[in-house]
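Asker: Protein chains in written order, with UniProt numbering: chain A, 1 to 204; chain B, 1 to 204; chain C, 1 to 204.
One or more of the hints may lead you astray.
Each pair may be met inside one copy or between any two copies, as identical chains are not told apart.
[To be verified] In the SDA-like style, the derived pairs of lysine to any residue whose C-alpha atoms are separated by at most 20 Å in a straight line are:
{"no.": "1", "residue 1": "Lys27", "residue 2": "Ser83"}
{"no.": "2", "residue 1": "Lys27", "residue 2": "Pro198"}
{"no.": "3", "residue 1": "Lys27", "residue 2": "Val157"}
{"no.": "4", "residue 1": "Lys27", "residue 2": "Met197"}
If you're looking for bench data, these hints aren't it; they were derived computationally from the structure.
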Amino acid sequence: MIDWFHWANLAGVAVCAISGTLMAYQKRMDGFGVIVLASATAIGGGTLRDMMLDVPVFWIADTDYLYTTLIAAFIPIIWLNVSPRFPFHYLLIADAFGLALFNVVGIEKALANDTGMAVAIAMGTITGVFGGLLRDVICREVPLVLNGELYAMTCIVGGVAYGIALQLGLATQWCGVLALATTVLFRLGAMRWHWQMPVFNREQ
Amino acid sequence: MIDWFHWANLAGVAVCAISGTLMAYQKRMDGFGVIVLASATAIGGGTLRDMMLDVPVFWIADTDYLYTTLIAAFIPIIWLNVSPRFPFHYLLIADAFGLALFNVVGIEKALANDTGMAVAIAMGTITGVFGGLLRDVICREVPLVLNGELYAMTCIVGGVAYGIALQLGLATQWCGVLALATTVLFRLGAMRWHWQMPVFNREQ
Amino acid sequence: MIDWFHWANLAGVAVCAISGTLMAYQKRMDGFGVIVLASATAIGGGTLRDMMLDVPVFWIADTDYLYTTLIAAFIPIIWLNVSPRFPFHYLLIADAFGLALFNVVGIEKALANDTGMAVAIAMGTITGVFGGLLRDVICREVPLVLNGELYAMTCIVGGVAYGIALQLGLATQWCGVLALATTVLFRLGAMRWHWQMPVFNREQ
């Protein structure tokens, strides 16, 4: 399980660093601040999770994550300096995978530290959305998590799928795969069909 | 003392979750982001306090707080879907109580972890104001703590009252009650008579 | 080394608290929120560093920092109430020293906790820039770290100088002095000659 953990987390970190750099490009930022923004997006959620669980912060304990963030942040910089045609439309799909990977890693790390399922679902959601929230707050954008198509809800749906699978007695790795698939599909569905979940009835 | 702690904290969390949801409603937000905002307002201050004191984060150690936050965040949602008349004017009084409860809980938790009185007062203030600061930053509002009627000062006055009472040899529970009353009355007074405390003399 | 640590950190905290108060004055803020902003600027970076390294937060462990922050925040308040002529142009030089002190303190504290050099450089950068980032986010300004003249880069250059000196076998205090000088000179140079480091080639 340690290995799956490690690689899923590395992949999630890389995808989020790339998406952070690309958004900095689209928002016409420049200079080394781009790397700062990419790093905040990539490791912000996991850092908050580890500080709250009081376990060693993942990128301090294992330097691989720091190097992965830096290398991944530079990929779109090099690409865009060679050609302005970056496959932006694939980015949204990659972003959905990044969100799902972070969600599952957050849930499993919480459960490995003996929290209940409700706290684990909250930790998965925080791991998934906090990096992007940080990115939006630093860039002074309206945070995606507040009005994006069920961004936070996606993580919770994936977390509930994990909890049900665990309750039914599935092995941990299958719970993880199921939660990953649920999160990705729910996110892609929400983007494709613009799912909404209004909580206030403002017509009154 | 543990019980008083627990119930005061639960009441503070519930009041702040309700006020977070209501402000999301007034700012015309919608969707599940409302719950994210209510949670950040309710548990943000205590989470930062516990991470800084290096004690288990309260809502991870005790799931009651998480469920209280969710249930309290849903109360105004259900209410507003039934009737648009929510007693908003009571909310400011409830908010003053939430601030005072968080202030006292922060002070007592810091003192229980052997900090000095100055650090304890700072911890009470952080517990009281950080959730609202987070809410305002996420919503891109001018933070209330920077220009609100003595918002941070209120917590410090309550903390100083606690410190004096402790110095005079009062029992801990009476220190807490005194600080709670001082904070609530000072806050209500500041709101009622628009107390100001200019630090710069700009007329020169 | 403990003493150097202590005094360098105190000096950095004082400079950042002064700069926080002055920026609050320039942005026409008032009231006790000015102190809140000065405190966030002065102790924000070190607090995040200590929470991530899982060591006692410096201003909780040693109350000197809290008193230094408060006293330093009041210096420009008293000064500006006596005379509106504050030597603002010296502030940028003081700010460069504050950044360099925080950078070195962050690097040494990380190395003292057995992190690798890459993590130590990241910790120095975080200690140096996070307080200012917090200040800008709370004030709803475009963060200086994202577009300022090589603000984050300055810390990394100083950190690399530290790493090279350590590799060459210099004593720790000389590594610190070298990193301090490098950071200050690089920052002053970047401000004087408006150094830029564009990472995107937007002419294409």
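Asker: All the hints need checking, so say for each whether the structure fits it.
Answerer: Here is how each hint holds up against the structure:
no., hint, verdict
1, Lys27 / Ser83, "within (18 Å within a copy, 42 Å between copies)"
2, Lys27 / Pro198, "between (29 Å within a copy, 14 Å between copies)"
3, Lys27 / Val157, "neither (31 Å within a copy, 26 Å between copies)"
4, Lys27 / Met197, "between (28 Å within a copy, 17 Å between copies)"
Violated hints amount to a single one, hint 3; each of the other numbered hints is respected by the structure.
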